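Model the full structure from these sequences, guided by the hints.
Protein chains in written order, with our numbering: chain Z, 1 to 318; chain D, 319 to 870; chain W, 871 to 1167.
Source of the hints: derived by calculation from the structure; they are not laboratory data.
These numbers come from a predicted model, not from an experiment.
No residue lacks a Cβ here, since even glycine has one placed at the ideal position from N, Cα and C.
Check the hints yourself; a few may be wrong.
Claimed, not checked - With a straight-line Cα cutoff of 25 Å, these simulated DMTMM-like cross-link-like pairs (lysine to aspartate or glutamate) come out:
1) K414/D with E463/D
2) K365/D with D515/D
3) K444/D with E48/Z
4) K678/D with D923/W
5) K886/W with E209/Z
6) K365/D with D304/Z
What the hints assert, rightly or not - Covered stretches of chain W (chain D as the covering partner; in silico rule of three or more C-beta atoms under 8 Å from a C-beta of chain D):
7) 924-933
8) 1065-1073
9) 1103-1117
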Amino acid sequence: MAVYLLRRGGEGVIVLALVSVLVFALIGLMPGDPIDLLISADPDITSEDAARLRALYGLDRPLYERYLAWLGDALRGDLGFSRLYSQRVTAILWAPLQNTVILMSLSLVLGLLVAIPLALVAARRPHGPVDVTVNLLAFAGFSVPAFWLALLLILLFAVTLGWLPAGGVHAVGDPSLESRLRHLVLPVLTLTVLNAGVYLRFTRGALLEVLNEDFMRTARAKGLGLGQALLRHALPNAMLPLTTVVALHVGTLLSGALVVEVVFAYRGMGKLTYDAILANDFNLAMAALLLATGLTLTCNILADAVYSWLDPRVRYDD
Amino acid sequence: MVRWLLAGLLLVALGATAPVAARDTLRIGVSQFPSTLHPSIDSMLAKTYVRSMTLRPFTGYGPDWELRCFLCTELPTLENGLAERIERDDGSVGVKLTYTINPDATWGDGVPVTTDDVLFTWRSGKHPESGVANREVFTNILDIEVHDSRTFTLEVDKLRYNYNAINGFLVLPAHVEAEVFDAAPATYRNRTRFDTDPTHPGLAFGPYRVVEVRTGEYIVLERNPTWHGTTPAFQRIIVQTIENTPALEANLLAGSLDMIAGELGLPLEQAIAFEQRHGARFQVHYETGLIYEHLEANLDNPIFQDRRVRQALLYAVDRQAMTDRLFDGRQPVALTNVHPMDWVHDETVPTFARDVERAKALLEEAGWTPGRDGVRVNGDGVRFSFEFSTTAGNRSRELVQQFLQAQWAEVGIEAIIRNLPPRVLFAEHLSRRQFTGMALFAWISSPESPPKTTLHSSMIPSAENAWSGQNYTGFANAEVDALIEAIEVELDREARAQLWSRLQYLYATELPALPLFFRANPHVWPLWLEGVTPTGHQDISTLFVEYWRVAD
Amino acid sequence: MTTEPLARPAARPPVKPSAILIGSGGVLLALTLLCFTAPWIAWLLGVDGTRVDIFNRLAPPGADHWLGTDELGRDYLIRVLEGGRVSLAVGLIGAVAAALIGTAIGLIGAYAGGRVDALAMRLTDLVIALPILPLLLIVAAIDPARLGLPTGGLADVGRIVVIVALFGWPTVARVARSAALSVRRRTYVLAAEALGARAHHVLWRHVLPNVAGPILVAATLGIGNVVLVESVLSFLGLGVQPPTPSWGNLLSDAQTLLVQAPLLAIVPGLMIFVTVIAFNALGDGLQAHLDRRRAVR
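Okay, structure coming up:
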């Protein structure tokens, strides 16, 4: 097991290195550079100024040289400065990271809290009216375009009813818990609907599968009640695959909420990544994307580990 | 725990509205966060907005579009003797300018603003590695002669019509920044205290100083006790960044913002819709400015070379209806590149009101006859079809563009829309003159600014001149060149006005670019705020923040 | 060939398609028909989805314009249908392209085995581990002209198709691989191999027909996904560019008019929603249908 994890970890590092090359090359292919953006904003900048600034920021060097320079610094723990905010990249990432973790963990937990009870109810009578309704809800949940749902929620709760703020992390000049919570309601609601749809479908499927297994049929035949069967036997067994799904989901945490964060102007990792890409902020985009990839990889490995730990039949020997 | 949280969320959701702020704080919403707070590195509207409250330039334009002193005590002129014409041996004419720093000007930590600061600013500004965006401001100054701690004389390379304007010279605190700069100029831009220690009191001598910065979110300013001018009415000003403009508007309505900056706030269409619904709760003020929206065609393309064709393109579109219907008439139709509020503006030039018949006649004259598919063709069988680009994602430009496309189609001209992200449009498409058709964008200028970089034939970007200049159309006219050169060194106002009139006449008839309109900035203020003076040029409203007041 | 009879399973009793299959299929057929006949519908209603009329901006729904007009006075119903044409085309072509790439990689991996398989699966894992959406944004921001590719109009749509295919194939690859592996262990394939059939022959004649079902299901589910991705990219301003409408950019444009004209935002979103649900249901129904067919067999 330890060997297996170590090997997967080693692979993860290689993947991360590959991704850094890929992302750097892709960013290099994006047209224009920060100096071009500067020129378009200031007609007084001369081409001499532009050439001088390009040389200063190292933008005149070939892409591979810039990558090697970046890699050298990164390995020494220096991720460079953000062009967008003139701060160290590491200093900028912290607050958005916290914001995203709060947003995603709340919607993840709420998604499970909605999904599991509904799945239990649905599994009582497969293909019955309740099950069909629940199934439909699940379909709707994971098919709805997140940004559209977000817009509709803004339209209803922020514009029409005026109950909730339409965007931001907290009210201006008011970073209190209450203000933060009020600003979390709509984005969390949007993501919860999406998550719940996925979890619901998955849990229901897993429950039905367990109910159909021979040992359950035997138990039921011997007089075990349906409720008991579901709660005591099917649910614990269904939790196993669900854990994997949730673990994989956590992996997408950093970039997963990008659209929702953009619509709600919620300053999290997704929005930061989006802003960095649009503004050609190389260093910030690199750091954010590598962080997201690293998390996905870690969670994939953890999902496998958890799976094998919970299910002794699975072995990772090879 | 989780259920508790859920209940909490619901409770909060149904709970109280945002608290009403006391009137000693003004909360301003803007749509951009400054990339740096250093005055000369990078040029960005969001920074200018904040910086104008903490620092003041030596000279600048007032709301009346006239040059005035901000940090200096008196504008040097040839008449008052503070400016002196100097003729050099090589025949060039320069100027010596004597300025005196306001004797009460004091940095927030109690250190007076002195000529040491001026010298440091010049020294660091002209250093090639300092990261300063526009170095010309500093390299044009050949020498600085210091008389005492407050008075100094600049020697400037050339005597220009606006010789006494040194608007871009923003004085830096030598006692705070010099040691940082001298340690390593090449990395100064990353280590400047404006970014590493932005709340240092020694970085401001204006009415406000920065007391808190949350990167990407907000900047809090408080009254600067050492400010030498009028005491501002508000103890605190919070500049909050919300890039998403619907969210910006929602925050204003929810009461968590007091106002939205006009210079970088709501798009005009959104503001018009906002005023229709909430006009009673807020003051909405539209200020047209020196942002000139226009069309540039690549004149190397044979289609556009004929002047009659360019005139026909303009006759074919109803610019008045466009601004009336799309922008509620808030953006005045442009006759030329000179703004109506500019004192050199000449309104007697040809105006090109919509005249479809005239447009068709001009096209026929130029040899373009209706083709089989409705698009005109010339004698060689070339179709009148071109690619039409603007900045992708700019909603109002995209609307204007589709409107123009439809109106041109009516006279048999085909415009194929292909939009590009701003950086592509400006970086490669235009500045390398890779475009073959037409582009819609804006130039930002200052009051009475000769269009040298955009119209002079020496400013046509090419490989030979290392792609410098912004004459993207490739317009070359000897008389226009001569006029621009003459305006730059003509010191007599009346004589200059004559030159400007001729230039505008040539612009309106030759049409190097097709004028559309001047953009308007919508300022949204609470009913209780007064004294805000939008300017319409690059010296923006916060330069006068100390006059903002709570109405009685 | 001697293997011929082995490849053909015995005749199956027909399995009736389920209600969900018929329902979702019907909805999609109707949507597609409506979208692709938009010009005729416009002609029938006497409206025009491209004619700009600034004296009739943001008109409310009425007899002349069933869904009102947009910011430039164009008939919104026709705009939405024409947008659907782009969105559906991108969805279908993108998903098919992704399925082709995925099937090729999955089958090659399953059939070649060993190092090739390991490499193929590592590649699949790699793409799955990538933060897809931000990378899509970067790829979408790349200037095709810099790579010597055509730009504008149709090329724009083509670019989106390539982008979604580039990142959409791993799911299909996994499905194809596991299906192919299970087929390979079946007796008739083993028999064919034992009889000396060449690899590509076995792959083409025996394996592919038998893995088509699961791949079809994966591809169908993929269409809904691609429609979503296209709408997100266009919504963020990096997808299909105006004046070519797509559901994503219609929604993006409507965002600032949310209060004045909420319908402009509701309709295209609803279309995306219905389309994605229908494709997911279709995929689900197909899966169930195939399962039952197998059970019956």
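- request: Could you grab the alpha-carbon distance between K886/W and E209/Z and see if it respects the 25 Å cut-off?
  value: Measuring from Cα to Cα gives roughly 24 Å; hence the hint holds.
query: Counting residues of the stretch 924-933 of chain W whose CB is closer than 8 Å to a CB in chain D, do you get three or more?
result: Holds: 3 residues of the stretch 924-933 of chain W have a Cβ under 8 Å from chain D.
query: How does the coverage statement for the stretch 1065-1073 of chain W fare against chain D, requiring three or more residues with Cβ below 8 Å from a Cβ of that chain?
result: Coverage by chain D is violated here, the residue count being 0 at a Cβ distance below 8 Å.
message: For a C-alpha distance cap of 25 Å, please report whether K444/D and E48/Z respect it.
response: Satisfied, since the Cα-Cα distance of roughly 13 Å is no more than 25 Å.
Agreement of K365/D and D304/Z with the hint, judged by alpha carbon distance not exceeding 25 Å: Violated, at about 49 Å.
- prompt: Does the alpha-carbon distance linking K678/D and D923/W stay inside the 25 Å limit?
  reply: 21 Å, holds
message: Hint check: K414/D vs E463/D, CA-CA at most 25 Å. Holds or violated?
response: 10 Å, holds
- prompt: Do three or more residues of the stretch 1103-1117 of chain W come closer than 8 Å to chain D, measuring C-beta to C-beta?
  reply: holds (count 4)
query: Within 25 Å, alpha carbon to alpha carbon, are K365/D and D515/D?
result: 16 Å, holds
Of the numbered hints stated above, those contradicted by the structure are hints 6 and 8, listed in ascending order.
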